[in-house]
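A.B. asks: For reference, the chains in residue letters:
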Amino acid sequence: MVFSSATFLLAFFPLCLALYFVARSRKARNLVLFGFSLLFYAWGEPVYVLLMLFSIFINWLSGLLVYNSSKNKTGVLALSLFINLGILAFFKYETFLATNINQIIGVNLIPDLQLPLPIGISFFTLQAVSYVIDVYRNDVPPQKSIVHFGLYISMFPQLVAGPIVRYSTIQEQILNRKENLKDFTEGMRLFIVGLAKKVLLANIVAILAAKMLRIGGENIGCLGAWAGLIAYTFQIFFDFSGYSDMAIGLGKMFGFKYLRNFNYPYISKSVTEFWRRWHISLSSFFRDYVYIPLGGNRVSRARWCFNLFVVWGLTGFWHGAAWNFIGWGIFYGILIVLEKLWLGRILTKLPNALQHLYCIAAFMFGWLIFWIEDPGVFLPYLSALFGAYCLTGSNTLWELTAWEYWPMLIICAVASTPIVPYLKARLLAWAEGSAFEASSFFKSGLPGEKTISTDGLCEFDLQRATESRRKVLFVVKVAIDIALLALLLLSIFSVVAGSFNPFIYFRF
Amino acid sequence: MKAYRIVFCTVAIAILFSSLSCKALDKLGILPDFLDNGSFSYLEGGEIQDLPSATFDNVASGQFQDEAESYLSGCFPARDEVLLANAAIQRGVISLANYPFGFDVYPTQFGGTKLYSVSAGAMFELPTAANKGTLEAIDQFTQSINSIALSHPEADVVLFVPDCTRVTESNPASPLVNNAITHSSLLDSIREGLDSSIDLLGYENDGTGDFLTNFFETDHHWTIAGAYKGYLDIARTLGIAPETPSETIEYSYQSYGSIARQGLYLTGTDHIVDYRFGQQEYEVLVNGEERPRDGRQSYSDGSIDPELAKYQSYESYFGGNYSLVQYINDDPSVHGSNILIIGDSFTQPVEPMIAASYENTYVIDPRERYLSVGIDEFIKDHDIDSVVVLMRFTTIIEKGVAEGLMS
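Which chain is which? The protein sequence lines are A and B, in order. So the mapping is simple: my numbering equals the position in the first sequence, first residue as 1, plus 76. So the mapping is simple: my numbering equals the position in the second sequence, first residue as 1, plus 304.
In isolation and in its complexed conformation, chain A is listed as follows (with noise of 0.2 Å):
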């Protein structure tokens, strides 16, 4: 089941609030979502729901066996790992690693079993993993009880597409969380908003990304391989940032807190700090558990480009089972060697309009890499970007329909950058009669890098206001729900109204 389905929107999701809150106990309440999680993913995968099933009971009884043994702990921790791991490598990567063995070896030794993947599997294993690697650097104590357990790998607001969430930071609220109107409403915004990002926005431009790829780039020219490729690195964010939305508010309505899974990433200035703002939570598991105990950048610098190749190899790998994932990981483990080396240092002293323009330039030839697994289609795309196909290909400009986004495109920019925050920060210091450090606009109202709490974007602190300006603030909170109840309504529109909803983390 995905969110933006008439099925959870007006069915799951209602029933699920419903009957959580009708349960008073918080055994009840965990019950419910344990339930309601496992009916969401056996809805879309009827099947691979035992697999999931059986990933929790191993990983449970891990997280058990691992703290309660003192001698063979790490092997028990290798045999769990290598359980992980090979459930993911055997569901996710069977047919490419078939297909490439037999290839260079010229003989079909390996079966392509085609296995269709379980949907989530990459981040359902990452949570798992986590756990049992925390509960062996006692870190977290075990879960006892496989319901609260089942309930952390399988709570069904991440569990397709993340956030990818620690134990440690759920551990507490499985049982002593406390669910509260402020934290129910300020999810459900932000629950919309996530949605009207990915309905309104990702989908909409998803039409005119899919249309330049599947038409090519002897057929779109410049014009239209740069309209596609500006659409798909729009689609790929509000996508993927309205799921974490969408995620982190459902979450918020239960009462739990998970932290911000994206921080405006297109307004960096540098790979370096696209990867701390683009899908924090996979970028910290990666530092946390692969690139430290590698030894991290406490070690020789040739180790050191060593480590960040196996991570960024390994997050390419992590992302799709073919080559041009491991070709975009190993991209951007190229720019960050070559930014930590030197070209920070240079990038540091351009204007912040180069940088900007860089780190632009930087992810969207990598949303190309990545966006493009066949290579016969990739260069003629490429060479069509520099205009090896006239302005518009063999198309003429109307038939190419490139023109009817750009109001779309647009607004995709605008709401790229933190121009809520600004507002909100302006509004703020109006209506409190400070004075307003306009600083920089990609500054301000941010939540520091290590901050990575989830904030009530749309709340405001009405008391902070003065007594005069009091009644505009409320004004203008009330206009801002107003406007949130019409895009809801609206991505209810879309959604039943069957228009264009690709689901692109098949690949996950």
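Hints are supplied without guarantee of correctness; some may be wrong.
[Unchecked claim] Here are some chain B residues pointing at chain A (derived, C-beta under 10 Å):
id, residue
1, L320
2, Y375
3, A477
For the record, the hints were derived by calculation from the structure and aren't laboratory data. Virtual Cβ for every residue (Gly too), placed ideally from N, Cα, C.
Chain B: place on chain A using the hints.
C.D. replies: Same frame as chain A, now just chain B:
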């Protein structure tokens, strides 16, 4: 602040519960009419999904989940209005985007193939660019027609390809598409491979104004005027005396045609105009059963369902698509003459005109979903004198049609 939050959350949750609560109110019989979707969507032209029942097989295959998704979408209050509103928003953005470009014609939805022409105030379909697959399909169709003519040299074979929204040069979008297939280029392609014994017909419209006389403004079909023009060409070629209309009938039901419905843009309306031809009384068999082939009677006595008249006027007036329709004309002057018309919905207004000149007029729809007879056998068994193939471009290139013609 607490009360404020409660109001906000209550409204949001009420929106989320809208489908389920409307269904519940419907069961109780207290759902207001304007929210009730009924069991059929005239706008979409199909049944609204019923609540599916789960079985092991349909859950495992995902069919149940798909049907549940359709069911819940279908339960959303005032769904047709929702579809139109959603499309209107998209159209508003496209119209804004078009402002600096000033194109006369633009799609009614993102990624849509239905177009609105500002100058003509009418809807058109996206013209088709010539590509290898399309040209191959045209060639395959031509060979199928050849095969009919060569297998039955005793029968006159006439192929009529109407100008239509997808290929007409009267479509304002036609010059905007590179290498678009036009009606004349389509006829040229067919003529190239067509056996010389076959007469190829198809009149061109003289500009958008002429096209909108011969075709509906919101539908892909021709009007009675366009159909009659085609009939005159066919009659002349077959050597039959054409019927002359004795009366023009005009119905006031305002209708939205297929392009408007599919483009979800209910701008402008059409209405049914028909010609009456003296005494045209036939016995009509539809798939072997004697019953009316069209809805002329229900329009004239006012018993037509207004929703059908509004959203499916062509089909509800001229008749739907069937595997086999037979007109039996007991006029002694036409005794012993039989004609077979093979075609799509474009044949419907023409059939009774042609039927005036033959004792038996058979109509076969060659599309896979309708075809139930072998055409070769049928011509042999029914002593056919003339064969008229009449179908628009999209049917010509439709998968399975060429094979069906050779059956």
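A.B. asks: State the violated hints by number, sorted upward, taking the hints as numbered earlier in the document.
C.D. replies: none
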